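Asks: This is what each chain is made of:
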Amino acid sequence: MELLNRRRPFFWLVLHGLSCLISLLLGFRFSRLVFLLLSTSSTYTSPFHSPTELAKTLDIRSVIPADPVGNVPLPFPNKTATNSRVVVGRHGIRIRPWPHPNPVEVMKAHRIIERVQTEQRLQFGVKDPRKIIVVTPTYVRTFQSLHLTGVMHSLMLVPYDLVWIVVEAGGVSNETASLIAKSGLRTIHVGFNQRMPNSWDGRHKLETKMRLRGLRIVREKKLDGIVIFADDSNMHSMELFDEIQNVKWFGAVSVGILASSANIDETVVEKRGEEENPRMPVQGPACNVSNMLAGWHTFNTLPFAGKTAVYIDDRATVLPRKLEWSGFILNSSLLWKDGDKPEWMKDIDTLDGDIESPLDLVKDPSVVEPLGSCGRRVLLWWLRVEARADSKFPPRWIIDPPLEITVPSKRTPWPDTPPELPSHEKPVIRIQEPIIKHTTKTRTSRSKRRSKRKHDETRTDRGTTGFDKTLQN
Amino acid sequence: MRKCLWLWGLLFFALGFAWSITAERNPCTERISGSAGDVLEDDPVGRLKVYVYELPSKYNKKILQKDPRCLSHMFAAEIFMHRFLLSSPVQTLNPEGADWFYTPIYATCDLTPTGLPLPFKSPRMVRSAIQLISSSWPYWNRTEGADHFFVVPHDFGAYFHYQEEKAIERGILPILRRATLVQTFGQRNHVCLNEGSITIPPYAPPQKMRARQIPPDTPRSIFVYFRGLFCDVNNDPEGGYYARGARAAVWENFKSNPLFDISTEHPTTYYEDMQRAIFCLCPLGWAPWSPRLVEAIVFGCIPVIIADDTVLPFADAIPWEEIGVFVAEEDVPKLDKILTSIPSHVILRKQRLLANPSMKRAMLFPQPTLPRRCFPSNIEWPCS
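Just so you know, the protein sequences line up as chains A and B, in that order. Following full-length UniProt numbering, the numbering of the first sequence begins with 1 at its first residue and continues without gaps. Following full-length UniProt numbering, the numbering of the second sequence begins with 1 at its first residue and continues without gaps.
Hint data in this document are derived by calculation from the structure and do not stem from the laboratory. Keep in mind the model is a prediction, meaning the values are calculated, not measured. For each residue, glycine too, the CB sits at the ideal point set by N, CA and C. A hint or two may mislead.
Partner residues are not named here, just some residues of chain A that face chain B (Cβ under 7 Å, in silico) [stated by the list, open to error]: (1) 90; (2) 94; (3) 95; (4) 99; (5) 100; (6) 101; (7) 105; (8) 108; (9) 109; (10) 115; (11) 116; (12) 117; (13) 125; (14) 126; (15) 235.
Pulled out of the complex, with its shape left as it was, chain A reads as follows (with noise of 0.2 Å):
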């Protein structure tokens, strides 16, 4: 080969040259086919498909010379009869014009997915579950409707049969009515006839008054199913009504306690980093080594002491009680009237409206049924955030023909500088959006319909400004 190389190089050159060019035309390494073409037959050469043929079906079909592995949608090579249908050998990659999700495909997948989960869930989730009793306190005030759509959204997205018995302070208004009706679930709205105080401690007591009242229609109405306190302002995890499925008279779940921060001292806060990692304080039963009820968690108040909120509109902490009624699950034939029932249950008639805790229903309360793996899974969470009891909002939040004066209100809730806002605790993009929000709001009140849309742009443009100064930063 060196030999014939140094005698002509240019011939050896030239075909070197040549193969190249062959092998860019038929996308297709030439050598192999030549050699395949010079060496002896193998004894499947009717298997595979002949060299010569190979290269007689690609120059009828005068290949588009892609990618080799791509788009060419080389003939599928004739099935012989001898050994195997299935030819081994070189096969053509078969791609289809369009290689996208097809929408109606998308759909129909879709939709077995949802007909695989549901027979999944008839089989393994919870066998012949009861019926969702939801109680729940309310009156109307500015964080009403942020409260009750959450609670509303929640149930609604609960697969089981519910009825959700809302007793409202101060009577029946149309403003909550409105807002439940929202919800297509079936409601049972009851008024209660005192008004919400003002005070925390009026208003825990008021509402347990009320859910005592819950309690009696479910008596009278002889509804049968599982018993829940959803507080409007709390947030429910879908598995809590999983779990609860399993309680069998009186039951507890563990409640996360979010008792609002917004204001605590840097001296709280350093004193509890130097002991041990803040933990969210929890709310519930306590179950020793056997998984059996040893005793209850309850709130730590001593890091509150002296600075907890007594008015609603105070900006203090919020603290919860000792056990929170949510935190509780009741089967709701321990409150009819007949039945069996154990003898355990007091009779909620005989109550009347003072009672401390939820354990107070039951003579003893070793009985109550811890559940979420005892109370080691957190299913919901207790939050409490008012607005000033002055603070007015438009009925049903739609702003009818505006009025030409209103009445600006004698004490505005948000001052005319930004609240000091920590940096670690909220992304910096927010931080222009508050004071956005707060100087357009004050003149949405004043504001005329027709401009309304003008201050929408304005604002919108504000807002992008900001993000963009932001981005500076």
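On the provided structure of chain A, position chain B as indicated by the hints.
Replies: Just chain B now, with coordinates in the frame of chain A:
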């Protein structure tokens, strides 16, 4: 022929036991009807006798000692078959009354550093073993090995080569021509599948699979799942050879489809993901079989078999048509249409059949920790 049937039954049974998890779960399963179900529930104890040759340890134990990875790769069927037979009551110590003879050779245990078996020394090993047994015992020469069976779980069975063309060229080892081969390879009208061969499932580690079970109420949210190679860049750089182009076609057609969760990654959550999928693709690779089938069956994922003319394990007994979905290689571009056009009651029925514990038991190998004798007093084998 009758003997063959018993051997089937034995193999079924051998691959049976100790899947207690499915027993605990909700039995919303369907009994596989027909002869398939009968064979799955059959018990060959007392009616079948297998004699296991005592070969010097250089054929089995020493090889395993040299490389213990052999116990967990997909070719471990030969080792577990040996262990099962040593500890099962079908074993007989009297060769005169035996129906079948088993030669324990671990031919697929010579592994490269990356774990792939080199089959080049296997023919020599097999030949020398047969020479040994034919000289020390008269039973081989009696029938030229017709009542002997060998477990050959390599890519193309007893051809001992991983390339199909070479394997076909070489043909079955001549000395094994009359013996019954128990192999994982199965393809209709292929020379590598002998008349009397029996196809068994490849080995998949049952303990690992059992350890990775997720709660059965986890909703199945992946429509189609596949993890593996689509092209073999080392051996087939241009494509078209590997998997007869079928895997590459799957990739090219469905890489942008969110319903198809396919990629070449090696996730640590492979088993968990399979349990969250409705369909699992089992396309051919260099050979038409793969442990994906076993994994899909165990995790309740409907196998989508893309391998023309393949013969699946225990094809005579298990109604694969009713359990899995067969897609021709030429229909791969229409795979999404094929899968979504299956009516949902059919899919649910397939899932019920898959949930049948005897299905899972048939696909798995028992794990006897010690080769001790078990007594056939109860169906539950304590040796698993």
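Asks: A separate judgement is required for each hint: does it hold in the structure or not?
Replies: How the hints compare with the structure:
no.: 1; hint: 90; in the structure: 4 Å, holds
no.: 2; hint: 94; in the structure: 5 Å, holds
no.: 3; hint: 95; in the structure: 5 Å, holds
no.: 4; hint: 99; in the structure: 5 Å, holds
no.: 5; hint: 100; in the structure: 6 Å, holds
no.: 6; hint: 101; in the structure: 4 Å, holds
no.: 7; hint: 105; in the structure: 5 Å, holds
no.: 8; hint: 108; in the structure: 4 Å, holds
no.: 9; hint: 109; in the structure: 5 Å, holds
no.: 10; hint: 115; in the structure: 4 Å, holds
no.: 11; hint: 116; in the structure: 5 Å, holds
no.: 12; hint: 117; in the structure: 4 Å, holds
no.: 13; hint: 125; in the structure: 6 Å, holds
no.: 14; hint: 126; in the structure: 9 Å, violated
no.: 15; hint: 235; in the structure: 23 Å, violated
The structure does not agree with the numbered hints 14 and 15 stated previously, though it agrees with the rest.
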